[in-house]
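Asks: Same order as they appear, the protein sequences are chains R and W. So that you can map any letter, position 96 of the first sequence is 103 in our numbering, and since no number is skipped, the others follow by simple counting. So that you can map any letter, position 588 of the second sequence is 590 in our numbering, and since no number is skipped, the others follow by simple counting.
None of these hints come from the bench; they were simulated from the model. There are no misleading hints in this set.
Cut-off 30 Å, straight-line C-alpha distance, at most; resulting in silico cross-link-like pairs (BS3-like, lysine-lysine):
1) W/Lys682 <-> W/Lys171
2) R/Lys194 <-> R/Lys39
3) R/Lys169 <-> R/Lys199
4) W/Lys520 <-> W/Lys684
5) W/Lys301 <-> R/Lys93
6) W/Lys302 <-> W/Lys19
7) W/Lys519 <-> W/Lys684
8) W/Lys519 <-> W/Lys155
9) W/Lys626 <-> W/Lys585
10) W/Lys155 <-> W/Lys130
11) R/Lys169 <-> W/Lys301
12) R/Lys127 <-> W/Lys19
13) R/Lys194 <-> R/Lys169
14) W/Lys519 <-> W/Lys682
15) R/Lys93 <-> R/Lys39
16) W/Lys302 <-> R/Lys169
17) R/Lys127 <-> W/Lys301
18) W/Lys301 <-> R/Lys13
19) R/Lys127 <-> R/Lys169
20) R/Lys127 <-> R/Lys199
21) W/Lys139 <-> W/Lys155
22) R/Lys93 <-> W/Lys302
23) R/Lys127 <-> W/Lys302
24) R/Lys169 <-> R/Lys13
These figures come from a predicted structure and were not determined experimentally.
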Amino acid sequence: MTSMIKTSNVTKFVTTSEGTLQILRPISFEVKAGESIAIIGASGSGKSTLLGLLAGLDEVSEGEILLDDAPLHTMGEEERAVFRGKNVGFIFQSFMLVQSLTALENVMLPAEIANLPNAKAMAMRILEDVGLAHRAHHFPNQLSGGEQQRVAIARAFITTPKILFADEPTGNLDAKNSEKVEALLFKLNREKGTTLVLVTHDNTLAHHCDRQLIMSAGELTEDSTVTPSPVHEAH
Amino acid sequence: MNTTVNLAWRLFRHEAKRGELTIILLAIILSVSAVLSLSLFSERLQGALKSRSAAFIAADAQLRSGKPLDENWLMKARDLGLNTAQRVSTRSMVFFGDEMALTDLRAVNGNYPLKGSVNVANAPFGAKTPASSLPRKGEAWIQSRLFQSLGVKLGDEIEIGDGVFTVAKVLVDIPDAGFSVFNTEPIVLIRLSDLAATSVTGPGSRANYVSYFTGTFSEINSFHDWLEPQLDSDIHRWQTVEDDESAIGQSVARAERYFLLASLLAIVLAAVSIAVAAQRYSQRHFDPVAIMKTLGATKKTIRAIYLFQVLFITLLGIVIGLLVGFVGQQVVVWGLADRIDVSLSVWHWRPVIISILTGATCALLFSLYPLMQLFSIPPLRVLRRDLGSNLRSRTIQFLAAGGAVFLLMLMYSQDVKISAILFSSGVVLVAGLLVATFILIAVGRKLGAGKIGAWQLAWARIKRRAMDNSVQLISFSITIMLLLVVLVMRNDMIAQWRAQLPEGTPNYFLVNITEDKKDILDSHFSANGIEIEEFYPVVRGRFVAVNNERVNTEVTKEDEPNDERRRGLGREANLTWSNTLQKGNEVVRGTWHGDSAVDTLTAPFPVSVEADVAERLNINLGDKVTFNVGSEVVETQVTSLREVDWQTMQPNFFFVIHPAAMEEFSATYITSFYLPTEEKDKLTNLLQPFASITMFDVDARINQLREIVEQVSVAVEFILVLVLIAGSLVLIAQVQASMDERRQELAILRTLGAKGSLIRQSVIFEFIIIGIVAGFMAALANELSLYMLQTSVFQMTASLHLEYWIIAPVAGAVIVGTLGALGCWRLLTLNTATLLRKMV
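For reference, chain W alone in the conformation it holds in the complex (with noise of 0.2 Å):
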């Protein structure tokens, strides 16, 4: 054994020193770093946006309840080393003097909030700050549409239940406050310890029980395995960073699969790279094998000098490429630390182990097919030179080489969905260039026939390869359409998130609008120079029966998913009419009502019903829904289901009744207008004339999220990069595969009397129709691939990319046509004596 180390390792010495060994190092180095640095640098920003998106929860997770949480829970999360922190809110009124409004009243202990901030301004609609404390025994915060409604002052005391509060600060903005444009009183915030005296949450109030957890992901896991068998779905709701379904939780979701796609295709990239390095290795020692075999060397023999030579280059490659991809992401992430606000301090291990195991499964997995057919080598080919290897099946290849890939993806990823998808495209494009190949060779006979040029010869050699090689081709086509994946996926998300908040986009709104103050509104914004965008009409309704069956469980908080969204269904929901279909509605069962006659007095209003709502409240298409109005009942009928796009910020409804409905019922309006950030001081004068009419500002809301996106836009074009580099690297190390065989080819042309413009050009041709055919297939499985991503995995709507019909086969010639010029430019100008004494 010994002397087979030896000579393993002397072999894998001189070979390295020789650069035998190069490309299947780079190969190995490639696959470790690239997935090392994207790995580590999408952890690292994972860890930055769900830090941002932290702050919207006020915490890394939360427990909500409906009624007050043991002690014991929040004592054995302290125990696990988890900060706490509580709240309880309620819906309550406050009065002053004569007026009275209903408000959101949070009770917040000292340790509120544990991510984010409370920002407070010094007067009304002013400027906000972050607030260095928590209001102080007796005092009261709260936000500046209560100044409006109460008519109340900094200063002044005002009643909550029993309780009497100084109001201290303008309240602007906590972090876990929500959005919704219906129902959402405004905010008054006070001490946990003084809401006893107010005596508002006694038995019967709806009061809601928060507490808020942070530590890190392991202490977060711990607490909730150990807390979940005691929770009940009906009382309680456990809800973490990963959980946030609203607009930034789902750019940071989407984020996230992107650089799980990119680290899968930078896996898919090295793999091919490998594979393609140990096919050269292992015909480069087809001779090596058969001399040693004839000097006596038995099949384990040669099995253990080949698995340890494996095994020193997988070592190298993986301790070079986890120092370069650290290295590497290191640099990124210092030139990237003024845009993007990433921890540097945080280290992360499932990188560092991914990364290795990729490599080590890469190299042995992909070298194993090659290996095999080195070691079924027979010694006769000492004598006859053109016995080849006795594996002859490129099916076992493309079997094991599949399987392979599948697993790596399946083992980074956890996800079979994403997995299957790239799969199967990758199986079905290798099937479309194998039926490319054969079309591609009957053309080749056809066009290499006649006097032999440049032309005629880059024909033949494909015609040949293409049949000897096909390895080479498809491997250069999945390069190109995963860099196409790559490449799409992230303008057509980056577009898909910056549509979604183009400039301008409302960010106030405006409800209770009365019929004769709409008209009035809307030329004193204009006069003021402000656009006011569409009025919906709103009327509140209880919803009562379901065919004719009372509901008696009211919608309560807990069963929703989403406290923005289900406040429109509490005790009473917003009603809306229309004919036309709001934008960014969809209808995904029955048809929408549209301005169909209605016979009023013999059938139900149509009405169509938010999808998600449907399913909550088990609401089927055709189902009689009955209303109350004040006091008059509306029966519909369910005549459509909507998807609706929660992401755009618009008002959104979960019921649109049919116009007819309506007629009888006197309507108050919401609307929105969009004011630049820097003019916020205009808000005052705006509304001055309009006391009854409240106002949203989702301004901040909207700017957070517009820099997220921003930010992670920057983090995906980063990755874009480095996958790349990581493509350019593939097609460089196929390029140089095929040195071997050109050499001799270029080395039998030139004694023959070939003329170097000849073969410079023939070479350069042969390479150009190689990239146009990969070009051209890539851009098909392009398209296919990303149409099931889009539609499966990135809930994006899936779009055609003819342009990259174009572009891809243009491309594939230019740089595969490069690549190839340029990787065979030594060899082209080599004298014929010195080819031939190379072919030896």
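Chain R with its partners taken away, still in its complex shape (with noise of 0.2 Å):
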């Protein structure tokens, strides 16, 4: 299998009233492509930090990214933002959907951004996939919680990325509403050969991946392979 995510020695270091203070100790690892991992850690621990940076949403200080073998840590913010539209998905805790958007809309958007053809299309039949097709004109505050995280799925899945970043994204739903998600998320991954990063404290949600990365005061601690644990298909 080819690497989709390589990593070397990646530092975070912020400047803060009181000086200097590193957050990411150098960091080194790979996943391959269709891959899925889990970084887990305590809050605090810099796994959101990793995942920013990761996902170009950051710069590194120090150290280099290469995803699907682009150099993320040499391109400007707007290289990353192109590259994102193509190649990256993103799911998040707080959904994090455009309230003035109908779901459709929130769906369209990055194929929107990308210009693609036949966004509508394109979303509609992703909808159905998530079983919203009928809440398609609603908008996020008319649906619920995990109808909204579905919503967000949809949309990370549209342009088909490479690379899912997903930040607890069962984090804000009750169990039901949670295993619905996961099972839909490892699903659509599996399809659609995804590269799959996620971050949780959520050890059940950790244990679906086939990798766990485990972070502590901005170090990277432990690397294991498991066998995955099944996931309960959505309906």
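Make the complex out of the two chains shown on their own, each in a separate frame, by following the hints.
Replies: If you want it as structure tokens, here you go:
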């Protein structure tokens, strides 16, 4: 399998009023294409910082990140944005839907930004896949939390990204909805052959992934490969 | 690009439907409609006032000349579409049998007057009616005084030069008669075609040739542009309605400045509301921008999406604003139609263009900084919600907003002075508010300590908001200040207008009263229940030398700024003497001579000279000025220069000499009295015993002036109401702009178990405190701007407005408190679950 993500000595410093703070110690690892990994750790361990760097939302202080062999660490903000639009999908804990757009329009958004043709038809199809075609013209505040996250998943997959980053995707959901969302996420991941990077402190969710990276105090303390536990299929 | 426009349009449509854009849209509508209605109304009103004013010069413009005008000039005027009329006037003796009198002979052609009307009466001092025609060939219309002094009757024949004329009508007044108590001879009106037969305008005569023009503003201007290079300033004088220096002209000019001020303030109010609304809009879009950037949108795409939205909303706002503004002012014009003569048929494009430009400039410039903040939102915000804009400096915002306000003011007023005054007081206000904010925080920290109650919560919020959102506090203060400025200016202006012409202002003047007639006249009038004002002594003297250097050129009419005033400086000046400074006079240089002792053998007598005349004749303080009175020489030395309020209806003098100089001369006196208009018929009886005394009737002039003042006052009040509405809308926009933050705080407080009453009280207290601070700061800035406006722009006497130091904070507390409570009411009645859901 080819390498989809490759980091070497990725480090992050931030400047505060009390001086410079190192929030990520040099981190190196590799993720194969189609692999799913979970980054786990306590609050403040640096997992979200790492996710931000891997996704190109933030700049590394030192080190290198290659996404699908593209050197993310040398790109400027605009280049990274274009790269994200073509290769990366996102799912967030707080769903991050645009409140003034309908479910359908939210799903269309990445396709439109990337100037893909037939955005509407594609969005409608994927909304059917996540079982929300009947809610296409509803606004986010008219949907339940679970429904909003399914819309977000649909939005993440519309451009068939190579890599999907998910930040605590079930963190805001009850058990039942969590299950549904998890199932949907892994199902689409499998079907589309996407590489999944998931940040969570939910061990059950983490164990559905091929690998777990454990973070502590800004350091990668463990990289374990396990046999993923089965995920209930989405209905 | 197409996708971007689609996306922008979709966002715009949904946001508009959801009410997210209501405030910013209202702000643009407000700016456009306020500017359109105010300026359209004021242009129409100014048009109406100008046409009234035009009646006083009998045209829209006059060209005066010391010699006959070139016929080609008149032809050019007609070619350009102007109406023209001509008058030739000169002083001439009129004879009737053995009697003779010096008169002001005016020969006019058939088009005269182009504006206003010639008024006649059936009998001397009778009620006037507008004449439907002019004197026919061989006819003369003469004023009542001439009937009195010549002993002539209607139908009698009088001689003017070589011509003989039949007295056909009693002339009451003509539009451009002018007004002066001195040396004004009774007017005789004849046909221009009859003038040649009189031979009074031969070589050496001092005739005045006046041409009158009416037409549109641009026609008049293009004629003047063509004419100007050919004019000789020694001979010609061009005068338009705008140049009118009379009391009426000044009232109109002052009203115009007020309209301008009110419109400027409306623009500033609108700009403030757009800034507030745009700030809120920007903050609400931090998340969508971060999401779109995360999903791959470049800065360019984000910029395009939001600039298109600004464009959509600006266009919509402008269209609705134009409609609202037009309908609004139309309704008011219809409502006032019976009180103000405002022409509805006249359409002015300038207000429309100005209001569109204002809407566009406000929308673009004031949303620029919030948009820049929006564009700088990092995509990382999707993971770290606390990340805001990278643009932190408020200085840039203040500079950008300040610059934009100043540019708008300048663009609209084209008056650097008025813009600079308003702007600098705004800057002082902002600086003052920043200081007040820091003091408030310090005080608030102390007051906020201890057990948490409504006051403590209110202070705690202010403490945070004052730091985070000082813009809101500042805009409250600016709004209150602008309302105060408009309100106080209106009060002061109307009060000063009315003070010029209080009830009982003398409307008749008597001149040529000899010493022996003074007491008889006084008692005769008293017996008839009429109070005589002060008697002013007058002798006529020739102004002959300055510092022993003879004055070669006489002060000719062409040099002087005003027909009415210059007569006091003809070949002979009217000299008066007094120890006391006359009402409405102010010494601007030197010291008033008072009753200082004068050594008549060695020193010249002190004289006080009117400042404008001194400047024209190049007379300075300390100069020796020589007069010939009869065969005597009077040496004087200038000890003071006075400014004279020419708008007061009382005799004013260019030269006031120390009484010691005049002891030897026998003077005549002038005085004035008030007689109600409806008792005019008493005049004949009153004056019968005093054939040698001449009377001037200024009753009609005073009534006209008063009427105009009343009309302008109504207009000013209308504008005040419009600005008040604009101001209230801005305040509401500001309260609403802070809703999101409040919602979050209320949800947290509710969740933590705070009682509804505690939260309600704390919100109301917060707004009350903000209102008091804003009101206090507004009163301070108001005082400053008013002082500068009144002294520099409106030429009024500056006054302190101490009452507003109490009224403004109280009104601020009440208005801001009420608006705040009303604005938050719905929020305060929501249950905790709803509040929490709205937070997400």
